[in-house]
Amino acid sequence: MKLAVLSGKGGTGKTFISVNLAAAAKNATYMDCDVEEPNGRLFLKPTKVKSASVDTMLPSFDETRCKGCRQCVDFCRFNALAFIKGKPKVFETICHSCGGCLLVCPHHAITEKWHPVGRIERGSHEGITVITGILNPGEASAVPVIHAVLDDTSAHEGHVVIDCPPGSGCPVLESVSASDYCVLVAEPTAFGLHNLQMVVELLMLLQKPYGVVINKIEATYAPLEDYCAQNGIRVLSRIPYSKKLAQINTAAEVAYEQDEESRKRFQALLQDIEAEVRT
Amino acid sequence: MKIAIPIDENKEDTSICTSFGRAPLFLLHNTETKTSETLKNPAADATGGAGVKAAQFLIDQGADILLTLRGGENAAEVLLAADVQVYKAQAGLARDNLTAFLEGKLDKLNRFHAGFHHKQ
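The listed protein sequences derive, respectively, from chains A and B.
The working numbering applies: residue 1 is where the first sequence begins, and numbers increase by one.
The working numbering applies: residue 1 is where the second sequence begins, and numbers increase by one.
Quick caveat, the hints were computed from the structure, so don't treat them as lab data.
Any given hint could turn out to be false.
What the hints assert, rightly or not - Partial chain A-side listing against chain B, Cβ under 8 Å, derived: (1) F78; (2) N79; (3) A82; (4) I84; (5) K85; (6) G86; (7) F91; (8) I94; (9) C98.
To be verified - Derived BS3-like pairs: lysine-lysine, alpha-carbon spacing no greater than 27 Å straight-line: (10) A:K87 / B:K40; (11) A:K89 / B:K40; (12) A:K89 / B:K108.
Claimed, not checked - Just a sample of chain B residues kept apart from chain A, beta carbon distances all over 12 Å, derived: (13) D13; (14) T18; (15) L28; (16) T33; (17) T47; (18) F101.
Just so it is clear, CB atoms sit at the ideal spot from N, CA and C, and this is done for glycine as well.
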């Protein structure tokens, strides 16, 4: 079973839920697709970490062969190529590495070169395989690193928990696409509800089954409960705001391993999700 | 000398467009013939790289000068490589900016934003 944990809004507790679901699932794989700020590794502290580079392809021009026909410029739907003063120019942050310019160049003036955009790290923690995607600072697109994480098939015997980036854009869509079920983590606030609605809209487009976890509850926020009830969205768990959980989190410990109440809660949540996926 | 201005509408008293890459139209004024033409911006609806495409379009049209409120750094890279001079326009009518430029009242635009794409 592949579970994607997402939220729309940042800071709702995606990593908290993901890490603890992975801990509850035992021989699981935890995948950190929040590649701009991957912090599941701070809690899971993986050991025996191996790192691999993630590279994309960029076109490279042989100016002696280029005849200036501009077929590549006209072909590029991302507008990553320009032709200025008789020379082709690539905009690296706009290029999507599709390779189309190579195919259309009638003069074979284009080759591809590797461009490093980030890396993935593989390690383990108490039987959990921890795969972390890390985007290099300054890179425009997180998607190639997310693909590298999701394509890692080194140890997928048990459940896979995918810790998604915040938002509802391309990186989230990519992270969610391979999942069997989505867990939406929402804060009981107006902002939390608004961004939950954006993610619900995305998942309806993708036709993914999902349930909601309301996290950091100090008091019931009726509009969020009403929204879920009116739209037939199942609330899988309601996690109260607690000083004890905050202390465990700020100490970068795994609540499942430190706190009996959390252990029971995440075991129940996992069983609930397993039952949802089976039906 | 050809002066380009991103504009909102195809009429004489059109306002200057707040966007460069996604402006619907460009006004191209030829100072030798003292004539102006309105050109459709082929990058207006681009899903990405609009600044690059719009800048390419203007250099292909032979523009020497661009008057704009703002511009992205990718567009600036294309324009500056092609020796197009970019001047900072003032919000308001396109023709007022053209007059101001011809009277030497506009300054060079030397700050370009990092673009809005991929801000997810």
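We went through each hint and held it up to the structure:
1. Proximity of F78 (chain A) to chain B holds as hinted, the smallest CB-CB distance being about 5 Å (cut-off 8 Å).
2. Because the smallest distance between the Cβ of N79 (chain A) and any Cβ of chain B comes to about 3 Å, under 8 Å, the interface hint for this residue holds.
3. At its closest, the beta carbon of A82 (chain A) sits 5 Å from a beta carbon of chain B; the interface hint therefore holds under the 8 Å criterion.
4. Among the interface hints, the one on I84 (chain A) holds; its C-beta lies about 5 Å from the nearest C-beta in chain B, closer than the 8 Å criterion.
5. Given the 8 Å rule on beta carbons, the hint for K85 (chain A) holds: about 6 Å separates it from the nearest Cβ of chain B.
6. Proximity of G86 (chain A) to chain B is violated relative to the hint, the smallest CB-CB distance being about 11 Å (cut-off 8 Å).
7. The closest approach between the C-beta of F91 (chain A) and any C-beta of chain B is roughly 5 Å, which is under the 8 Å cut-off, so the hint is satisfied.
8. Here the hint on I94 (chain A) is kept, as its CB sits about 5 Å from the closest CB of chain B, short of 8 Å.
9. Residue-level restraint check for C98 (chain A) is violated (minimum Cβ-Cβ distance to chain B is 12 Å; threshold 8 Å).
10. Simply put, K87 (chain A) and K40 (chain B) have alpha-carbon atoms about 25 Å apart, close enough for the 27 Å limit, and the pair holds.
11. Between K89 (chain A) and K40 (chain B), the direct Cα distance comes to roughly 24 Å. Compliance with the 27 Å bound is thereby established for this hinted pair.
12. Distance check on the hinted pair: K89 (chain A) and K108 (chain B) sit about 25 Å apart at the alpha-carbon level, within 27 Å; holds.
13. Look at D13 (chain B): its CB is around 31 Å from the nearest CB on chain A, clear of 12 Å, so calling it non-interface holds up.
14. At the 12 Å boundary, the C-beta of T18 (chain B) stays outside the reach of chain A, the nearest C-beta of that chain being 20 Å off.
15. Its beta-carbon lying about 19 Å from the closest one in chain A, L28 (chain B) satisfies the requirement of being farther than 12 Å from that chain.
16. Residue placement check: T33 (chain B) keeps its beta carbon more than 12 Å from all beta carbons of chain A (closest about 25 Å).
17. With a minimum CB-CB distance of about 7 Å to chain A, T47 (chain B) fails to clear the 12 Å threshold, and the non-interface call is violated.
18. No beta-carbon of chain A is positioned within 12 Å of the beta-carbon of F101 (chain B); the least distance is around 23 Å.
Taken one by one, the earlier hints fail for this structure at numbers 6, 9 and 17, listed in ascending order.
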